[in-house]
Each structure stands twice: as C-alpha cells, then as structure tokens.
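A.B. asks: Listed below, chain by chain, are the residues.
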Amino acid sequence: DAGITQSPRHKVTETGTPVTLRCHQTENHRYMYWYRQDPGHGLRLIHYSYGVKDTDKGEVSDGYSVSRSKTEDFLLTLESATSSQTSVYFCAIRGQGDGYTFGSGTRLTVV
Amino acid sequence: KQEVTQIPAALSVPEGENLVLNCSFTDSAIYNLQWFRQDPGKGLTSLLLIQSSQREQTSGRLNASLDKSSGRSTLYIAASQPGDSATYLCAVNFGNEKLTFGTGTRLTIIP
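As you go down the protein sequences, you meet chains A and B in turn. Mapped onto the working numbering, the consecutive letters of the first sequence carry residue numbers 1 to 111. Mapped onto the working numbering, the consecutive letters of the second sequence carry residue numbers 1 to 111.
Keep in mind that the hints were calculated from the coordinates and are not lab data. One or more of the hints may lead you astray.
Claimed, not checked - With the Cβ distance kept under 10 Å, some of the chain B side facing chain A (calculated, not the full set):
#: 1; residue: VAL4
#: 2; residue: GLN6
#: 3; residue: LYS42
#: 4; residue: LYS98
#: 5; residue: GLY102
Stated by the list, open to error - Straight-line Cα separation of at most 20 Å, DMTMM-like style, residue types lysine to aspartate or glutamate; simulated pairs:
#: 6; chain 1: B; residue 1: LYS42; chain 2: A; residue 2: ASP38
#: 7; chain 1: A; residue 1: LYS57; chain 2: A; residue 2: GLU79
#: 8; chain 1: B; residue 1: LYS68; chain 2: B; residue 2: GLU3
#: 9; chain 1: B; residue 1: LYS98; chain 2: A; residue 2: ASP38
Just so you know, even glycine gets a beta-carbon here, dropped at the ideal spot from N, CA and C.
In isolation and in its complexed conformation, chain A is listed as follows (with noise of 0.2 Å):
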C-alpha cells in the first residue's frame, strides 16, 4: 500500500480561526484528494490535485482552499473555521490500476 499520512490525527479550534490539515504520500502519485465525511451524507469530495501547483474543486469547497507545492505534500486550509466544518478529514491518493488508499483522517471540531 501507499505511505499516506495524515496529520494532525485530531484538532480542536475555535470559530474564525484558520486551520491547515496536512496530506503526505511516499509514493510520487500524481493524484490526491481531500474528502470529508459526515453522518447522513457519507464522503464527499473538497478538492483534489491532478499535479504540483494543479488543483481543482470538489462538490463541497466552499470555504476550503488547498496548495500543493510538492509531490508529496496536499495542504487542506480553513479560512475561518465554522461549525458546519466540524468533521472527520480524509486524504486519498489514486495508485495502482486507479485504486484509491486512504489515510486514518483528522477529527476537527469547531467550538
């Protein structure tokens, strides 16, 4: 499997302030991806990166914004964190035969 870590594991921040959670992959892939995951709505797709520096937006990006300046690095940023952004994080990466690995993800909550 691909090395795939997450950090931090869990957050907790207050309203309004920024949050950055962090993606790193050991395997040069070009494709990684930020999902969210909430009860009653399962995951959905925040942004992805199909390259350094080339990024575009999933079905949930508003007030999200993501960098990839390396390979091996995918930076999911919270402008100004909400309470609606309370969630568990997942980082994706697309390996071999187009299959997908998933990190452990990060517990954010908003207070």
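Got chain A; can you put chain B on it based on the hints?
C.D. replies: Just chain B, lined up with the frame of chain A:
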C-alpha cells in the same frame, strides 16, 4: 446526476451465514468500482477494485461482481465472522477524476 446508492443502510446476520451487500449506480459508463471497509472511528480499507472491463474480483472470502448494464455491484461475504462487522462502502469512478461514494451498509455479525 451521478449517484451511488447502498441499500440497506444496516444489516444483521448470524455468524457463519453467507451474505450479499448491494450497490447501485446511475450511470453505466463507469471507469471502475471499489469496495471499502470502515471500522468505527477508523479510516477506509480497500477490499476489492473492479475495472470496467471486469465482471468480478475475489479476495479470500470476499467476491465482488459488476453488472454495468443494470448499474449494480454486489459484495458477497462467505461464512461470515464477527470480525466482519463494519461499515461497507461502495465507491464509483465515473471517469471524471474522482470517486463518488454510497452512504454505506453497516454490517453486524451476531455470534
């Protein structure tokens, strides 16, 4: 709109029984389909990946089938065990660079 549906949302079966989980999708022009397992509070573990040109894939006690013409996939679990208890997610790549997920079936195996 491209959608993925999993019914039922929850299923309980006695240990040792064979069972089938269902996944349906709205667009038959898929690229591939992937089944995942998620334990409570954990990330997603890939179980099986079926390419558009394939009819089924097998791994141990698991068998996944794909019928594009009817927009359906099934995940067959043989000789169920309590350790199989988890939420099973179906995800479809409709060829647009990202996965679309169903909301999952929560499986409980009763000892």
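A.B. asks: Each hint needs a verdict: does it hold in this structure or not?
C.D. replies: Evaluated hints:
1. Satisfaction of the interface hint for VAL4 (chain B) is found here, the shortest Cβ-Cβ separation to chain A being roughly 9 Å, below the 10 Å cut-off.
2. Look at GLN6 (chain B): its Cβ gets to within about 9 Å of chain A, closer than 10 Å, so that hint holds up.
3. Hint on LYS42 (chain B) holds. Least Cβ distance to chain A is approximately 7 Å, under the 10 Å limit.
4. Residue-level restraint check for LYS98 (chain B) holds (minimum Cβ-Cβ distance to chain A is 5 Å; threshold 10 Å).
5. Hint status for GLY102 (chain B): holds, given a least beta-carbon distance of 7 Å to chain A, under 10 Å.
6. Using a Cα cut-off of 20 Å, the hinted pair LYS42 (chain B) and ASP38 (chain A) holds, with the two alpha carbons roughly 13 Å apart.
7. Our distance criterion of 20 Å between C-alpha atoms is met by LYS57 (chain A) and GLU79 (chain A), whose separation comes to about 15 Å.
8. At roughly 14 Å between alpha-carbon atoms, LYS68 (chain B) and GLU3 (chain B) fall within 20 Å of each other, so this suggested pair holds.
9. The straight-line distance between the Cα atoms of LYS98 (chain B) and ASP38 (chain A) is roughly 18 Å, inside the 20 Å bound, and the hint therefore holds.
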